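> From first to last, the protein sequence lines stand for chains A and B.
Following the working numbering, the numbering of the first sequence begins with 30 at its first residue and continues without gaps.
Following the working numbering, the numbering of the second sequence begins with 25 at its first residue and continues without gaps.
To be clear, the hints were calculated from the coordinates, so they are not data collected in a lab.
Residues of chain A clear of chain B, computed beta-carbon distances all greater than 10 angstroms:
1. T49
2. D53
3. L90
4. S91
5. R93
6. S95
7. K100
8. G101
9. G114
10. T139
In silico DMTMM-like cross-links for lysine to aspartate or glutamate, where the CA-CA straight-line distance does not exceed 20 angstroms:
11. K43/A / D115/A
12. K40/A / E64/B
13. K86/A / D124/B
14. K50/B / E73/A
15. K74/B / E126/A
16. K61/B / D82/B
17. K61/B / E38/B
18. K43/A / E112/A
19. K40/A / D53/A
20. K50/B / E77/B
21. K100/A / D53/A
22. K43/A / D92/A
23. K91/B / E77/B
24. K100/A / E85/A
25. K61/B / E73/A
Because the structure is a prediction, the values reported are computed rather than measured.
Glycine residues also receive a C-beta, built at the ideal position from the N, C-alpha and C atoms.
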Amino acid sequence: DTGVSQDPRHKITKRGQNVTFRCDPISEHNRLYWYRQTLGQGPEFLTYFQNEAQLEKSRLLSDRFSAERPKGSFSTLEIQRTEQGDSAMYLCASSSEFTPLHFGNGTRLTVT
Amino acid sequence: QQPVQSPQAVILREGEDAVINCSSSKALYSVHWYRQKHGEAPVFLMILLKGGEQKGHDKISASFNEKKQQSSLYLTASQLSYSGTYFCGTGAKKWETSYDKVIFGPGTSLSVIP
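All chains, please: the whole structure from these sequences, using the hints.
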């Protein structure tokens, strides 16, 4: 169990640029979640996958956000035309049906 | 819908006790408690699935009152290592697949000082 791995740890980008984050879940876990966390707030649900199927996407998520999990293993989260309001910590978590969510250390995005 | 937590913040001296409350205006199907230390990922503490259930390990325990749609986390004889932000979360489905999407509350910041 090597834990949930996220890459990169930090990303600084200019407004209007596209960014992509990667998450490698715990290998035995078939569920993968993306959350966003801003300072002083709890993790905010964005989307989640069971195997390669995206089961739910938050209504708060604009069309600029897209996530994929092509082979049911790692996942990517892409943000197009970034805005300053996108600055946050993006957390990935994984679980199985019988294990709780394990979080990665996150990717901190700063949009300048 | 996001659960509500109280208090927002608490400062304790080592050895003191604390209670963190979590409530929801909608039905609580399951309650998940996590702790996040500064700069680290949230870490799972425990899950409560049934009304009336109580769980605990070490000196941290929790209860779940399904009828009142409330849960409380109890920290007794607090240690410096208990410092962090505590989040409660609600599970999306009742009974089935306990570990599913979790909606988290805003958190309670706990600081334990010597």
